[in-house]
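Protein chains: 2
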Amino acid sequence: MTSIATKNGQFRLKSRPSERVSADNFEYSSESLKDLAEGEVLVRVVYLSLDPTNRIWMSDVEQYMPPVQIGEVMRGLGVGKVISSKNPRFMEGDFVSGLLGWQEYLVSTGAGAFPLFKLPDVPVPLQAMAGVAGMTGWTAYFGLLELGQPKAGETLVVSAAAGAVGSVVGQIGKIHGLKVVGIAGGEDKCRWLKDDLGFDAVIDRKKPSWKQDLAKATPDGVDINFENVGGEIMEAVYDRMNLHSRFVLCGLIAGYNDADDSKTKLSLSRALMKRIRIQGFIVTDFAERSAEASQKLLQWIAEGKLKHKETIVDGLTNAPEALNMLFDGSNTGKLLIKVSEP
Amino acid sequence: MTSIATKNGQFRLKSRPSERVSADNFEYSSESLKDLAEGEVLVRVVYLSLDPTNRIWMSDVEQYMPPVQIGEVMRGLGVGKVISSKNPRFMEGDFVSGLLGWQEYLVSTGAGAFPLFKLPDVPVPLQAMAGVAGMTGWTAYFGLLELGQPKAGETLVVSAAAGAVGSVVGQIGKIHGLKVVGIAGGEDKCRWLKDDLGFDAVIDRKKPSWKQDLAKATPDGVDINFENVGGEIMEAVYDRMNLHSRFVLCGLIAGYNDADDSKTKLSLSRALMKRIRIQGFIVTDFAERSAEASQKLLQWIAEGKLKHKETIVDGLTNAPEALNMLFDGSNTGKLLIKVSEP
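Line by line, the protein sequences are chains A and B. End of the first sequence = 340 in my numbering, gap-free, step of one. End of the second sequence = 340 in my numbering, gap-free, step of one.
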C-alpha cells in the first residue's frame, strides 16, 4: 500500500443559490479520512467533471435524484485513482469513474445511481475518459441515436454545440450522415465547430442575425433538435421542426439559474400539428448499455472521427466559481477541475 | 338512378373567427350541383361530425393541413350515402365516410388527406360509424395503444373524458387493464363515465376541489396522460406524471379559441427530470392501419365492452352554433349534425 492520505479537503453545501453559484454556497473543510471498512475503496480524485446537473443538484426542486442536502459533500462526477481497496472489484492503481464528489478523496463501496466502475485500459488520455469517452459521450450517443432516431440526410440542430455534450452530438451526427447545424456563442467556438469538427453550419447566437442565420442554415427544416439550452434558442429551433421530427430533451441550462420557469416553457401547438416527439432523458436510463457506447466512442476517437477538447481549471477550491463558466458559456468542450496529478 | 338532387346547400367560410365561432363567419347558399365527371361520386351527407379540428381549420395558423380558405366550403368529416357514381370503387346505395364538408351533397373523386371509403356492412348504427367506430375511435385506439404504450395496472388520465375521443380512450384503457381516471365537467357526465362506462374515478373539473380530487385519484402518479384540453388541466395532470411516463398529445382545445398561446404552454423541466415522452399525433398518421382499428372497435361494440353516446343536432344550418358546444362542454360523447335521413 502506498502513502495513505489522512486528510480530505471537501466542499459541503452550505446554502442553496437563488441564481448564480458562489463560493459562499459552500463550506470548505479538511476532514480526517476514516479507515476503510470491508467492501470499501479509497479513491484519489484526479479530474472532477463540471456539468449543468451540478447546478440542478444544488436546488431543492423536483429532479431525477434527491437534491444534495445542506451539509452534504457536493455531488459530482469524476475520474480518480484507487489508492487502497477492500473491495474485490477494485485494485490499487486502478483508474475509476463515478460520483466522486467535490473532494480530494472518496471512501465508498461504489454502489449508487452512478456506480463506480474501472476505466478500460486504452490509449486515451484520462481527461477524455472523464468526458467524451465517459458519461458525456454516452449522453450524446444514446440521446442522438436512441431518442433522435437519425436517418442519413436529415437535419440535426444542436444547441450549446461547443459544450461537452453538444460537440460530441454534432460529430456523431456527421458520422451518421446527418446535416449538422450547431448553435454556439462566439466566433472562436463557431470556428472550432466548423473547421475542426466538420459541422455543416454553425450559428453564432451572439450575432443579432442569429435567427435569420438559423433559417438560412436549415432550408429543409429541422428533423432532430438536440436541446441543451431552453429559452429563445429552443423556441427558434422548435419553430422550424418538421413533421414527425424528434426533440431530444437533454438539458435546459438557460433555466437552471432562474427561480421562475419561463425559459423552460414551450407551446405544444406545433408538437401537435407537426406530430413532434419530445422526450426527456438522462444518461442513467441507458446504464446497462454503457459498454456499447464506450466501445463505439473509443473506436471513433482512435479512427480520428471524434475529436475532443477540454477546458481544465486547476485546483479543487476553484470548483464553485468554475461551475458558472457553463452558464456564461466561457468553456469550450468538457469543463474539468484538476484535483490532483494522475 | 334515384331522384337526383339539383341544389346543394353549403356553408362557405366568410371570415375567420378571433374567438368563438358564430354563424356570421359563414355564408350559407344554395348552389347548383354540377354533373358528375368520370371518376366522381355524388354523396348525400347524412351525419356531419363536429370536431375541435373544425375550429383549427378555420384559423390561419400553422397546422397539419392547409386552413380552409375564405370562400371555400367549410371542411368537415362525416358519413353519407352514395346517390350516383362514376367511380368504380363506389356504388349507388353505399354508405361512405370522409371529408364531406358542411353541405348537403358532395361531388368528389374521394381522394385526399382523408380519402372517402365505403363503410363496412355491420350491425352498428350509422351515427356510431361517424364516431366510435370511425375516425374518432381510431384516434382513441392508435393514440392510446401506439403512443401511450399501456401496461396493465398503470394509471391513465384522460381529459375531456366525456367527449367523443375521451370516452373511447377510457374504455379502451379499461379493456387493457389500466386504472382509468377521467376529467370531465359536470355531475351528469361524471356519473355516465363512472356508472355506465366503468371508469375507476372521475374528476369533476367544475368542483373547486378538482386538483385535490385528481391527487387522491392518482396515488401512484400518472403513467399515461391522454391530453385533449391544455391549460390548467394539462398542467395539473403533468405535475403528477411518473418516471418514463407517456404524454399522448391529441388536442389542446382550451387554446383553439385564443389568439395567444398561453393555454398550450408547458414547462419542459418535468419532462426532462422524469424522462417523459410527449408526442403529438393526428389519426391520419395511422391511415394504413385503419382496418385493424375498425375491426377491434366493432368487435368491442358487439361484445358490449365499448359503449357510445351521440349528441345529435338536427339540421345543417345549425352547424356553426353547434360547433361551440365542443368548447362549452355542452355535448356528451360524439357531437353530430344530422343533415338528412339515412
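Keep in mind the hints are simulated off the structure, nothing from the lab. Honestly, I wouldn't trust all of these hints.
Identical chains blur together in the list; that is why a pair holds if it fits in one copy or across any two.
Okay, derived cross-link-like pairs now, EDC-like style, lysine to aspartate or glutamate, Cα gap no bigger than 16 angstroms in a straight line [claimed, not checked]: (1) Lys294 with Asp33; (2) Lys303 with Glu38; (3) Lys272 with Asp283; (4) Lys263 with Asp194; (5) Lys209 with Glu70; (6) Lys307 with Asp283; (7) Lys263 with Glu230.
- Which of the numbered hints above does this structure break? Going through the list in order, the structure violates hints 1, 2, 4, 5 and 6 and respects the others.
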